[in-house]
Amino acid sequence: MPAWLQSKIKCFYCGRASKYNKNDQIRSFQCASCEGTNYLDKVGTPCMTMKLGIC
Numbered sequence: 001m002p003a004w005l006q007s008k009i010k011c012f013y014c015g016r017a018s019k020y021n022k023n024d025q026i027r028s029f030q031c032a033s034c035e036g037t038n039y040l041d042k043v044g045t046p047c048m049t050m051k052l053g054i055c
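Numbering (UniProt numbering) for the sequence shown: 1 to 55.
Just so you know, not all the hints are guaranteed correct.
To be verified - List time: in silico DSS-like cross-link candidates among lysine-lysine, alpha-carbon distance up to 25 Å: (1) LYS42 to LYS22; (2) LYS19 to LYS42; (3) LYS42 to LYS10; (4) LYS8 to LYS19; (5) LYS22 to LYS8; (6) LYS8 to LYS42; (7) LYS22 to LYS10.
The set of hints was computed from the structure by calculation and includes no laboratory data. Keep in mind that this is a model prediction, so the values were computed, not measured.
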């Protein structure tokens, strides 16, 4: 699928799209807009408990 058709991961805090696609296997990223640190679980769902080792 072309990169421009892939859906982007949105920031949990401000809702803006990140530069990462949902197919990218990242576990965390920092939002360029609000500078919030976003943590994702194994399937890309936002997770607030990553720091505790639960996610």
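Hints, verified against the model:
{"no.": "1", "hint": "LYS42 to LYS22", "verdict": "holds (11 Å)"}
{"no.": "2", "hint": "LYS19 to LYS42", "verdict": "holds (18 Å)"}
{"no.": "3", "hint": "LYS42 to LYS10", "verdict": "holds (16 Å)"}
{"no.": "4", "hint": "LYS8 to LYS19", "verdict": "holds (7 Å)"}
{"no.": "5", "hint": "LYS22 to LYS8", "verdict": "holds (6 Å)"}
{"no.": "6", "hint": "LYS8 to LYS42", "verdict": "holds (16 Å)"}
{"no.": "7", "hint": "LYS22 to LYS10", "verdict": "holds (9 Å)"}
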